[in-house]
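All chains, please: the whole structure from these sequences, using the hints.
Chains as they are written, first to last, in our numbering: chain A, 1 to 187; chain B, 1 to 226.
Source of the hints: derived by calculation from the structure; they are not laboratory data.
Do not rely on the hints blindly, as some may be mistaken.
[As the list claims (entries may be wrong)] Not the full set, but computed from the structure, chain A residues with beta-carbon under 10 Å of chain B:
(1) Ala16
(2) Thr18
(3) Ile25
(4) Asp29
(5) Thr32
(6) Glu47
(7) His63
(8) Arg66
(9) Thr68
(10) Met76
(11) Pro77
(12) Leu79
(13) Asp89
(14) Cys161
Heads up, the beta-carbon is just placed ideally off N, CA and C, and yes, glycines get one too.
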Amino acid sequence: MTDTLDDHFGQLMQAAQTGDGDAYIQLLDELTPRLRQIVRNQRRFLEANDIEDLVQDVLLSIHAVRATYDPERPFMPWLLAITRNRLADSARRYVRGSAHEVHVENLSVTFPDTRPNTTMDAYGDPDALKQAIAALPRMQRDAIEMLKLREMSLKEAADACNTTVGALKVATHRAMATLRKMLVKKR
Amino acid sequence: MTRDTEQLIRQLANSAHPVRRLAQPYVRAAIWLAISVSYLAVIVAAIPARHDLSSKLSEPLFVIEQTAALATGIAAAIAAFATVIPAHNRKWILLPLLPLAIWLGSLGPGCLQELNHFGWQALPLDHSLWCVPIIVLVGAVPAVAMVVMLRRGAPLTPQLTAALGGLAAAGLGNVGVRIIHPEDVTVMLLFWHIGAVMALSAFAGSMGHHFLNWGSTVRASENTAR
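In structure tokens, the structure reads:
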């Protein structure tokens with residue numbers, strides 16, 4: 001950072017302290033990309049929105065303590081002291097906040113042990129399942145094949161069967177109930 | 001520049017009324033001292049000074065002790081005000097160490113004399129606890145004035161700033177107590193008076209982040225702008 005630039009910022013801040021709004025806008029406009037760069041370098045892991053939040057925090061802090069700037073002293077150390085302090089402050093707040101949080105990573109809906117699970121995602125005997133589906137009435141069989149095996153949408157399946165969505169839902173429900181009974185009997 | 005940040009800059013510029021630049025730390029410490037000494041004078045006028053004050057003022061050790069305690073308070077105030085100026089020289093923080101060492105050292109000869117006279121076993125341990133509330137009473141207005149003045153600066157090191165501010169107020173409070181309270185057992189002075197000053201300073205330090213933080217500083221500036 002050159003002394004000329006430091007003097008330039010210092011003069012703008014000095015004018016801002018006297019209430020010169022134009023000088024203040026110019027100062028903050030010129031400082032913002034530099035602050036953004038500093039924050040990005042210090043916090044590489046942050047996303048753009050979080051970096052922008054920190055930049056805004058620094059801008060608010062500069063505004064709040066602009067009376068502490070002494071034109072007899074260099075501007076950049078003053079600015080960097082505030083920026084570093086705000087970054088450290090945000091890191092402390094993050095640590096304090098995360099200490100009270102419990103991170104949950106896609107916990108299973110049911111217990112991993114099979115005993116408490118009353119229903120199972122996959123049937124253990126595929127041949128028996130195929131035979132049971134083949135034994136279903138035609139409407140119910142079509143509903144299961146299209147919705148569960150070919151994963152068609154209700155609308156697509158209803159069009160393919162030349163029926164309504166409501167009728168298809170009823171057929172699917174009945175088919176599932178029939179399959180459950182048939183497969184339980186076979187065990 | 002993102003739209004939100006651009007908008008924020010325009011808002012800040014619109015509320016950028018003229019601000020009174022913060023004076024140098026030693027100037028601010030002088031203002032604080034003037035407020036505090038005026039209050040101390042009122043307290044001494046309300047609560048009569050110790051009956052032997054005139055004779056005590058002729059004792060060099062007593063004068064050195066009070067001067068060092070006052071200097072500790074003033075130096076701690078300068079250091080506290082320096083810590084709220086971004087990029088200010090951190091060496092100011094060390095300023096109270098010398099007067100504090102002289103203050104402690106001024107009690108040393110008295111302590112040794114008492115130890116030689118009574119021995120460890122017979123050392124007088126009783127002490128009037130009146131000194132602690134008097135330190136708090138005498139230090140109250142200086143402490144409040146200190147907090148108000150510190151909040152005009154940047155809360156860069158809240159704990160350290162508050163601890164130094166607490167040391168300044170309690171140090172001055174101790175001077176008030178020594179003028180009012182006739183207690184000269186130096187081992188007990190070391191324990192109760194300096195212990196109380198250090199405890200108050202540590203307490204202030206532990207509470208520092210409650211009254212010196214960026215959240216309240218930014219909110220205060222927003223309220224002033226409205």
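Consistency of the hints with the structure:
1. Ala16: With a closest approach of 6 Å, the alanine 16 of chain A hint holds.
2. Thr18: Constraint on threonine 18 of chain A satisfied, holds at 5 Å.
3. Ile25: holds (4 Å)
4. Asp29: holds (6 Å)
5. Thr32: holds (6 Å)
6. Glu47: Since chain B brings no Cβ nearer than about 13 Å to glutamate 47 of chain A, farther than 10 Å, the hint is violated.
7. His63: This interface hint holds because 5 Å falls under the 10 Å limit.
8. Arg66: holds (6 Å)
9. Thr68: holds (5 Å)
10. Met76: holds (9 Å)
11. Pro77: holds (4 Å)
12. Leu79: Cβ of leucine 79 of chain A sits 8 Å from chain B, so the hint holds.
13. Asp89: holds (6 Å)
14. Cys161: Since the shortest Cβ distance to chain B is 52 Å, the answer is violated.
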